[in-house]
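Enquirer: Residues per chain are reported as follows:
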Amino acid sequence: MSETLLIISFEELCHIEQLSKDMIIEVIDYGIAEPVSGDNTRNWVFDTNSVRWVKKAITLYSQLELDWIAVAMIVELLKQKEKLTEENENLQRRLMRF
Amino acid sequence: MEFKDYYQVLGVEEDADLKAIKKAYRKLALKLHPDMQPEKNSDDEFKELVEAYEVLKDPQRRAEYDELKKYGTASHDNFQPPPGWQSSNDSNSAHSGGDFSDFFNSVFGGGGFDQRQRSHQPDDFSGFNSQGQDAEIEVPVFLEDLFSEAPKTIQFSMPSLEDGNVKHVNKTLKVKIPSGVVDGERIRLKGQGGKGLGKGRSGDLYLHIRLVPHPLFDVEGHNLVLTVPILPWEAVLGCKVEVPTLAGKINLNIKPNSQTGHKLRVKGKGLKMKTGLGDMIAVLKIVTPDKTTDEDKALWQQLAQLAHDDPRSKWSQKDV
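Heads up: the protein sequence lines correspond to chains A and B, in order. Numbering of the first sequence is given in the working numbering, commencing with residue 1 and proceeding in unit increments. Numbering of the second sequence is given in the working numbering, commencing with residue 1001 and proceeding in unit increments.
The following block holds chain A by itself, in its conformation from the complex:
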């Protein structure tokens, strides 16, 4: 049976897109991904959803030639949009009951 994980270490996060630690730290500084535990880079641990947002941020940064502050804003708005869409779907489903 495959081992399942709900976390990823800082080192592993850096390996994802073969990015420099400095670039990942920049992504973290802008709040795009936040460690769930650890007080320094050596023991930082992230939840697995962070991987998706880090990838998204890097793609936006390079493909759309944006600066990090713009990327951070877009990612934050995408997170909010996703949450609201989900809430809306849930409420619509509840309204349809009976």
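Since the hints were made in silico from the structure, they are not lab data. Ideal placement from N, C-alpha and C gives every residue a C-beta, glycine not left out. Misleading hints may appear alongside valid ones.
[Stated by the list, open to error] Listed below are several chain A residues computed to face chain B (Cβ distance under 8 Å; list not exhaustive):
#1 6
#2 9
#3 15
#4 16
#5 18
#6 48
#7 66
#8 78
#9 90
#10 94
#11 97
For this one, chain A is given, so just place chain B on it according to the hints.
Expert: Just chain B now, kept in the frame of chain A:
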């Protein structure tokens, strides 16, 4: 392979300057970016656009492309680079989020891992070590599965490089869904993604958990929400109602004068958390009877005459 007309993709003339190319790219990127219109599934169109811009924004690549274009348009559908063709451009697209076509890779070489892994020419990466690609699949999960101790069987197909060609290989994994997982969470299976090249490690597989809508319960984090229909007299007089939970039926006491939207929290009848269980929240909804007899109507009319409540009393005359 098909020759790509990057000028056509960007909708610019062949003599367009860099400013015009940038302008066209930005306009189309805004229109085609998958995050702008997720329902339209414009990923492939956007990838093509990024690829076209990658080439035309770079003077050296563009010059090489223009040279090839003269040669390539004659054999549009069956394009092969001229014998001995080699790009002088050190194409490093690893940081551009590039996932480019075979055409791009054959002309400019695969700078990023994506390109090397997809290349049809094994000689391109002989002696090359690189990490395998991560992959993500959506896994529908029933609420009941979250309580099951049995592993879930996941079947999926993964692109794999064999004899220099990309083939889709079917894989089956048995996975125990960890306790406390919620809708939208991603479970990481280390090393189960795309295979690495050379000594490169394999990528990870992410299972994106999507809870299947339940016929009775809605989900809010680790809590279950149950809509409980009650009749008007049950709401007024109060009653005892038998309600379902995922662990069997329980009785709920509905207080007199309850309203639609009132919530009753039942501790420990929700979903599994890392430790313990979430709650079930019963939300009342007053419903009127489907059918009324003449006798029912007469009784309702008696009630109407006795009624001293006006639910619309807060509406002032000028608002109406």
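Enquirer: Holds or violated: the hint that residue 16/A contacts chain B, with Cβ atoms closer than 8 Å.
Expert: Holds - the Cβ of residue 16/A comes within 8 Å of chain B, reaching about 7 Å at its closest.
Enquirer: Answer holds if the nearest beta-carbon of chain B is closer than 8 Å to that of residue 78/A; otherwise answer violated.
Expert: 6 Å, holds
Enquirer: Hold the hint about residue 18/A up to the distance rule: shortest CB distance to chain B must be less than 8 Å.
Expert: It holds, given that the least Cβ distance between residue 18/A and chain B is near 6 Å, below 8 Å.
Enquirer: Would the hint on residue 6/A stand, with a C-beta cut-off of 8 Å toward chain B?
Expert: 6 Å, holds
Enquirer: Under the criterion of a CB-CB separation shorter than 8 Å, is residue 9/A in contact with chain B as hinted?
Expert: 11 Å, violated
Enquirer: Given residue 97/A was flagged as interface, is its beta-carbon under 8 Å from a beta-carbon of chain B?
Expert: 4 Å, holds
Enquirer: Go through the hint on residue 94/A and say holds or violated, using the shortest Cβ distance to chain B against 8 Å.
Expert: 5 Å, holds
Enquirer: Does the CB of residue 48/A sit less than 8 Å away from some CB of chain B?
Expert: 4 Å, holds
Enquirer: If you take the shortest Cβ to Cβ gap from residue 90/A to chain B, is it below 8 Å?
Expert: This hint holds: residue 90/A lies near chain B, its Cβ roughly 6 Å from the closest one there, short of 8 Å.
Enquirer: Per the CB criterion, is residue 66/A less than 8 Å away from chain B?
Expert: Constraint on residue 66/A not satisfied, violated at 10 Å.
Enquirer: Interface hint check: residue 15/A, Cβ to nearest Cβ on chain B, cutoff 8 Å. Holds or violated?
Expert: Holds - the Cβ of residue 15/A comes within 8 Å of chain B, reaching about 6 Å at its closest.
Violated hints, in rising order: 2, 7; the structure is consistent with all others.
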